[in-house]
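S.K.: In the order they appear, the protein sequences are chains A and H.
Going left to right, the first sequence walks through residues 1 to 266 as the numbering used here numbers them.
Going left to right, the second sequence walks through residues 267 to 522 as the numbering used here numbers them.
It should be emphasised that the hints constitute simulated quantities derived from the structure, not laboratory data.
Hints are not guaranteed to be accurate.
So these bits of chain H aren't anywhere near chain A, every CB distance computed over 10 Å [what the hints assert, rightly or not]: (1) Glu307; (2) Arg341; (3) Arg437; (4) Glu464; (5) Gln475; (6) Ile495; (7) Ala502.
Just some of the chain A residues that point at chain H, by a computed CB distance under 10 Å [as the list claims (entries may be wrong)]: (8) Thr65; (9) Ser108; (10) Arg109; (11) Leu112; (12) Leu114; (13) His169; (14) Ala194; (15) Leu197; (16) Glu201; (17) Leu204; (18) His259; (19) Tyr262.
Glycine residues also receive a C-beta, built at the ideal position from the N, C-alpha and C atoms.
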Amino acid sequence: MSNEENSVGDGLQPVPHTGSPAPTLRLRGVGRRFGGLLAVREVDLDVVQGERRAVLGPNGAGKTTLFNLICGDMPASSGTIELYGEDVTRSPARARVKLGLARTYQQSRQFLGLTVEDSIYLSIVGVEGGRLRPLILRRDAQLRERAREAAGRVAIDHKLGERVGDLSHGEHRQVAIAMALAAQPRMLMLDEPASGLSRGERVLLTELLLGLDPSITLILIEHDMDIALSVAQSVTMMHDGRVIVEGTPDEIRANQTVHDLYLGRR
Amino acid sequence: MSEPAAAPVAPAPTTTMLEIAGLDAFYGKARVLDDLSFTMERGSLAIVGRNGMGKTTLCNAIMGIAPPHAEGSIRFEGKELVGGQSHKIARHGIGYVPQGRRLFPSLTVDEHLRIASRSAGGASTGGEWTRERVYELFPRLAERKRNGGAQLSGGEQQMLAIGRALVTNPRLVVMDEPSEGLAPAIIENMIETFRELEREGLSLLLIEQNLGVATSLAERQLIMVAGSIATETTAAVLAGDSELQRRYLGVEPLAH
Numbered sequence: 001m002s003n004e005e006n007s008v009g010d011g012l013q014p015v016p017h018t019g020s021p022a023p024t025l026r027l028r029g030v031g032r033r034f035g036g037l038l039a040v041r042e043v044d045l046d047v048v049q050g051e052r053r054a055v056l057g058p059n060g061a062g063k064t065t066l067f068n069l070i071c072g073d074m075p076a077s078s079g080t081i082e083l084y085g086e087d088v089t090r091s092p093a094r095a096r097v098k099l100g101l102a103r104t105y106q107q108s109r110q111f112l113g114l115t116v117e118d119s120i121y122l123s124i125v126g127v128e129g130g131r132l133r134p135l136i137l138r139r140d141a142q143l144r145e146r147a148r149e150a151a152g153r154v155a156i157d158h159k160l161g162e163r164v165g166d167l168s169h170g171e172h173r174q175v176a177i178a179m180a181l182a183a184q185p186r187m188l189m190l191d192e193p194a195s196g197l198s199r200g201e202r203v204l205l206t207e208l209l210l211g212l213d214p215s216i217t218l219i220l221i222e223h224d225m226d227i228a229l230s231v232a233q234s235v236t237m238m239h240d241g242r243v244i245v246e247g248t249p250d251e252i253r254a255n256q257t258v259h260d261l262y263l264g265r266r
Numbered sequence: 267m268s269e270p271a272a273a274p275v276a277p278a279p280t281t282t283m284l285e286i287a288g289l290d291a292f293y294g295k296a297r298v299l300d301d302l303s304f305t306m307e308r309g310s311l312a313i314v315g316r317n318g319m320g321k322t323t324l325c326n327a328i329m330g331i332a333p334p335h336a337e338g339s340i341r342f343e344g345k346e347l348v349g350g351q352s353h354k355i356a357r358h359g360i361g362y363v364p365q366g367r368r369l370f371p372s373l374t375v376d377e378h379l380r381i382a383s384r385s386a387g388g389a390s391t392g393g394e395w396t397r398e399r400v401y402e403l404f405p406r407l408a409e410r411k412r413n414g415g416a417q418l419s420g421g422e423q424q425m426l427a428i429g430r431a432l433v434t435n436p437r438l439v440v441m442d443e444p445s446e447g448l449a450p451a452i453i454e455n456m457i458e459t460f461r462e463l464e465r466e467g468l469s470l471l472l473i474e475q476n477l478g479v480a481t482s483l484a485e486r487q488l489i490m491v492a493g494s495i496a497t498e499t500t501a502a503v504l505a506g507d508s509e510l511q512r513r514y515l516g517v518e519p520l521a522h
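This is chain A alone, in the form it adopts within the complex:
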């Protein structure tokens, strides 16, 4: 809905301006094949700047694969993917990160030997480092502060000095979200952020997502419907690799197909 906003983070990203209200993310006919299995088929998707979009679907519907295609973790077998007006279908993941994309994974992919603070700090440096190497040292204290602040937002700041390898599974997930936030993305993609979190940690996550800078685009895979449907403005429901329903949270709640395939009787 909102117009394009280029005031990202410290204004560091030399972002290509399209000058048009083109979607932040635009997929056309995107598919992915694993041998004989079509994990994602013919997906069209438009997400505008600042939108909160939930991607729902039964297990094995292709949600995470779709995330992998958008992020460039694996190439699409067919179709095109545009990010901020740029065709990134063949671009590597790091190029998409430079455009302002950050994501989390279902399973932890962190360096177990690093402390929590260093992990989050490196996720900032990783994004800004290439461009800003000479500035890094001067800004080090500031980036450290930003890392600690991100840890606080997911309530993992009491473990800043601990090795990631010594943390519990749920804590890994908190660190992953902090790492994604600290990178100050324009588009944040979270793959089941609430799983592994306690009730209270989920409340905090919900508050965090509801309070997210409105210019940040959020795409969320989440099976906790309390979170998904309170945070999302729009919902894409996948089944067997396809998008089968799109709508507002209310429309999704009232949709019989969604109940049959996904929500169950509730």
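Knowing the structure of chain A, use the given hints to seat chain H on it.
M.R.: Structure of chain H alone, referenced to chain A:
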């Protein structure tokens, strides 16, 4: 039942499933479990708590799995488990659904289930769980029978991890967040199945962050804080008491 008569005294016919007393566990110097004790009768028991309180370490200690150096006592149907090897512990009749699934990327769904049912050995009773029954519980897995572990989605991996524990026909299943990554309709299905299994005599030790799952599967709820059991309550009380939830499952610093 089929154990050789190692103990001079025959185990008393008791309904006590699990008896944990004074359990400490350490990762290096860090104490993760601190004088933890509880007794579990046949039936179901849920352990809830914030992240990092030691819940997974407790499961690993019961199963005799790696790092933690554990001291104290864990008795399963009267048999001491501390110091035992994990494959032997499993053969006593305990199934484990670990967090993070721990599957073999190159084995297919069907191979995982075949190997698990074979490795269970003769100790299990009943012997009612078959691969077919697992496929009935999770029809999605039947569709993925010949796919390798690495080709499964997160939720499918979770279904397989549960199925793998069930085909060993355990008397006790230790489940570390079984609902993680599962779609709502599948969770509903799983809850129904486990209730049925409970009626058939299976005991469940359940670690869950999803309070809905924890409170629908177990009447007894133990709340874990900093490596020990802080308090015990019931499903109805925990589900309805937001102050209790905030106090023990919230993110504010815990007041002791």
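S.K.: Which of the numbered hints above does this structure break?
M.R.: 5, 10, 11, 12
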